[in-house]
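Residue numbers (our numbering), protein chains in the order written: chain D, 1 to 309; chain S, 310 to 618; chain H, 619 to 927; chain Z, 928 to 1236.
The set of hints was computed from the structure by calculation and includes no laboratory data.
A portion of the hints provided could be inaccurate.
[What the hints assert, rightly or not] Ranges of calculated distance between the beta carbons of each label pair, as one might list FRET restraints:
1. D:M261 with Z:A1056: 48 to 58 Å
2. Z:D1219 with S:P565: 42 to 52 Å
3. S:D542 with H:D676: 45 to 55 Å
4. D:G149 with Z:G1133: 42 to 52 Å
5. S:V451 with H:D676: 50 to 60 Å
6. S:A438 with H:D639: 33 to 43 Å
7. D:E294 with S:G349: 54 to 64 Å
8. S:P565 with D:K301: 46 to 56 Å
9. H:E853 with S:K494: 36 to 46 Å
10. S:G458 with Z:T946: 49 to 59 Å
Note that the structure is predicted; figures quoted are calculated from it, not measured.
Where is the CB? At the ideal position from N, CA and C, for every residue including glycine.
Number of protein chains: 4
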Amino acid sequence: MTRPTHLTGVVPPVCTPLTPDAEVDTASLIRLVDFLVAGGVDGLFVLGSSAEAAYLRDEQRRAVVDTVVRHVGGQLPVLAGAIDMTTPRVLDHARGALDSGADALVVTAPFYTRTHPAEIDRHYREVAARTGAPVYAYDLPVAVHTKLGHDLVLTLAADGVLAGLKDSSGDETGLRRVIVGVRGKAAGFSALTGSETMVDSALAMGAHGVVPGLGNVDPHGYVRLYRSAREGDWETARTEQERLLALFGMVRSGDPARMGMSSSALGAFKAALHLRGVIDCPATMLPQIPLDAEEVRRVEKHLATAGLL
Amino acid sequence: MTRPTHLTGVVPPVCTPLTPDAEVDTASLIRLVDFLVAGGVDGLFVLGSSAEAAYLRDEQRRAVVDTVVRHVGGQLPVLAGAIDMTTPRVLDHARGALDSGADALVVTAPFYTRTHPAEIDRHYREVAARTGAPVYAYDLPVAVHTKLGHDLVLTLAADGVLAGLKDSSGDETGLRRVIVGVRGKAAGFSALTGSETMVDSALAMGAHGVVPGLGNVDPHGYVRLYRSAREGDWETARTEQERLLALFGMVRSGDPARMGMSSSALGAFKAALHLRGVIDCPATMLPQIPLDAEEVRRVEKHLATAGLL
Amino acid sequence: MTRPTHLTGVVPPVCTPLTPDAEVDTASLIRLVDFLVAGGVDGLFVLGSSAEAAYLRDEQRRAVVDTVVRHVGGQLPVLAGAIDMTTPRVLDHARGALDSGADALVVTAPFYTRTHPAEIDRHYREVAARTGAPVYAYDLPVAVHTKLGHDLVLTLAADGVLAGLKDSSGDETGLRRVIVGVRGKAAGFSALTGSETMVDSALAMGAHGVVPGLGNVDPHGYVRLYRSAREGDWETARTEQERLLALFGMVRSGDPARMGMSSSALGAFKAALHLRGVIDCPATMLPQIPLDAEEVRRVEKHLATAGLL
Amino acid sequence: MTRPTHLTGVVPPVCTPLTPDAEVDTASLIRLVDFLVAGGVDGLFVLGSSAEAAYLRDEQRRAVVDTVVRHVGGQLPVLAGAIDMTTPRVLDHARGALDSGADALVVTAPFYTRTHPAEIDRHYREVAARTGAPVYAYDLPVAVHTKLGHDLVLTLAADGVLAGLKDSSGDETGLRRVIVGVRGKAAGFSALTGSETMVDSALAMGAHGVVPGLGNVDPHGYVRLYRSAREGDWETARTEQERLLALFGMVRSGDPARMGMSSSALGAFKAALHLRGVIDCPATMLPQIPLDAEEVRRVEKHLATAGLL
């Protein structure tokens, strides 16, 4: 088993390609993984929000981990989301993912229920203790409606409960406090940004890696950005980031009068992967609204502008 | 099968008693059901928020429905929550509950994901169409972080998609718009309030029933309140409601510095049921924080003041 | 001076009619006051949210109080909003209003700044102590972004700091806790609902009065509703409330793609007053967007349906 | 008049020192201005949130601008906040500030009232047109409860309505979109970050300046940080930023059980300025809660750690 020891670099949250009848398209998933690996990524994160984890049935979640773990065969670490409302339900998903060979777990705070820092602390300690696996905290207030406090993350890091943080909160100062706070105090802790648009900044602050949904569409871009930053070539990093910032505009391709942000953003990523020939079908899960032809053309335009067609 | 035709009256969201090792205590669950039925309730809603549905593992959810349906044997309708993030996952829970004999489903809007009225509309239509069961919309913005618009509910009611609404939104005007709006337009639609504290008002507005978490602790009180209201004795209804308003203060027994509102409120309900001798063990699921002795004494005081000890 | 001793009944938040060049139209204001008094109202609340207090310049605020106080000449109590961000600024407005002869002040919690219950407590105590006037707390979280806790209100009531509460929070349970909590503990405290749509319920719970923005348009309706409730004729009260609920739909006359809720609701009230011949000009203050002809027709339709044209 | 042409550099939002009886302490204010100028700052922003503008009475606001403008005598640009709920009230403050000689205005979106992008657009166009002064948009959702969309800002910039943006929203991606969007399209537009903790990142993205509240306490630190960034010495900039990030921890000196964030943060800045000998009295305006001795010691400790005592 490839246990991630200090995970760094580009770790895209892998989309889940579907068949037209809403089943996992494993052939397309394998092609997507190959595309990402060929792009130079350093790890794979399956069953995250970009993977439509919130929409996948349990056996579909299982199929995704099985397929990806078997295909990469230890080449690079595979992190799996164990996304559910509370500890007991998260533990069930965690066991499934670990049985399928995932190297680490990505876990949010409890949601749906009204929670408290003391309960979030207990949640992570239980998940870590009962699975024995590396656990990455997933800070996604837009979904979870709780922000992980940096104090809590730093305590859990220092106590060895958390292996890392995927910060998709948009609170760059909070991420910075974690980055500065773990120095010399939590060896091997990986602070990863989930931002698509602040990667150069995050890396300049000392973030160890990046988990960008848009990395599905343009892994090469994020790998170039990461490498430029690591070499201290901040000018190139910034230019690459600005190109990706423009490309990220594709997430607003869907008409907000017709659909929510999940339909629009995930629909755009899948349309882009379809247009780039990586996956067979751009379908998203129910009850998301599919992009129409005009909206897909907007995605196409973004790809063209970014030089990806 | 006892299909609820125009569900009315007191339909408590049944708590899920647990053993000390966090498994469903079916003996206590049966005693609780008997206690509620003896109290005069008109239906049972299992696997709601008060049931800790967010914390129960899939087989525990199944055990709850199995136990209750088998025990009541068609005496009164059993509604089951099918609480999960999106349509495909909700459908899996729905099938489980219906296989176990539930008479109807209670379903929230999608959560965790960023959604849209058009997607919520699609969600309910798919659940209703694919299960063929009566579907009650569960409006609980404190958990779901979306408010169900009354326009959407009225459209779904008129189209026969929804059998009713459990409104726990705290937006009494919205509930009123639904109550007024379905008159003569959606025969059999049940507008139920999930409030513990505005039941007389809701019934005066024309609500058909009430689904109070506190009804676990004092079903007799809510049944008296409901019957007074039905007889037009608003003064008695108000007096009863004010007694229950004071009793409902128990949900703040837990110290907010130590725990969240779920731990405090569900912990108090279970402590009260334990103190009243209905269930064997007041435990709640992980990662909730248990009430300490001092906090349990606060619950006890509330019971004493309300004449329930 | 007419000090309000236990204010009860219908106390509309008086709109501020404007000239086409955005000055206070005192002639129309006097006609509006006469219209309300003829409708049977029990008091007048000037410089509230419905008065566009947030938009009026200091001398305009002063002109409104001067005009109304002089015109009503002690016939019925005049409450004046002293709406600003913090204590020192509120005190300046309060002194102006009291100098002009207002009988009482209506004051929100601090806003714009990030506040705390201890600061809100201090705020009300300072305003009451430094002005010596009756102070009504104005609970309007949609504007102030803080909810006044019922515990805080009850403490301030018991300590004689607050003369009453205008509750526009939409939290009927909180209002109920105040109503029940002041009984026998704060003689003369007036619990007023700011709701347009839950007046029968609030009165049934024991609220002392009602401050409905829609009362500008249909004072007679709210007076009938209030009187029916006081006579215990809840059926008539409910029917009247349902008529007013439908009429209140006028606040959504403005196209939400073009304007915010303030433009739409205040624009509708003023259009209605103009259509009913009470005020000369339906203009609202900058930067609100005026209703267009189509939107005014929607207001007209609501008036027609309610039998007010 | 010193019109700011492409404002750049460090522009601290100047605190307003008070006497023990809550009047503006002009002698201390002048000393603070001298301290900042000696620290190398490039401009001064008076009557912002750090200035307690929300708490200052109109004549106090006027005294602040008078004092500062007269004292700096055109040496460096003075921007003045015109903070109020809506256009007409903002215009009154704007005229006062411009009469006192302010070089530019800083204006938020409307608050308290429920607003809309079309109204915000109108608001800024009216303020700019009616004053003829350079207008900086102040994006402070924590106070205003509306986020300025980057599209709106870019339109207003391109149309010459806005001279710049002070972005205190915490949304670094939004700031980035403005920075990239104005390039070549709005010459002279200044994108300023209001962050204390992301200054190096903002400058690396292309921000033109920084408006940090903490710059009152340590202007030299922010000037060093700015100059390092301008010289492309990102390593020094980061080290300085990390020192300032730790120093910024002083804003949490106040006990959150006793006071809100305004009391704590502004109290800490003033305590620090008092401890550093710059101002005579650390008092803050009503209804803020003063720091107690223990809390002031926390501020002192932060100063000591940062080498500022």
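Going down the list of hints, with the structure as the test:
{"no.": "1", "hint": "D:M261 with Z:A1056: 48 to 58 Å", "result": "35 Å, violated"}
{"no.": "2", "hint": "Z:D1219 with S:P565: 42 to 52 Å", "result": "23 Å, violated"}
{"no.": "3", "hint": "S:D542 with H:D676: 45 to 55 Å", "result": "53 Å, holds"}
{"no.": "4", "hint": "D:G149 with Z:G1133: 42 to 52 Å", "result": "31 Å, violated"}
{"no.": "5", "hint": "S:V451 with H:D676: 50 to 60 Å", "result": "40 Å, violated"}
{"no.": "6", "hint": "S:A438 with H:D639: 33 to 43 Å", "result": "58 Å, violated"}
{"no.": "7", "hint": "D:E294 with S:G349: 54 to 64 Å", "result": "58 Å, holds"}
{"no.": "8", "hint": "S:P565 with D:K301: 46 to 56 Å", "result": "51 Å, holds"}
{"no.": "9", "hint": "H:E853 with S:K494: 36 to 46 Å", "result": "22 Å, violated"}
{"no.": "10", "hint": "S:G458 with Z:T946: 49 to 59 Å", "result": "53 Å, holds"}
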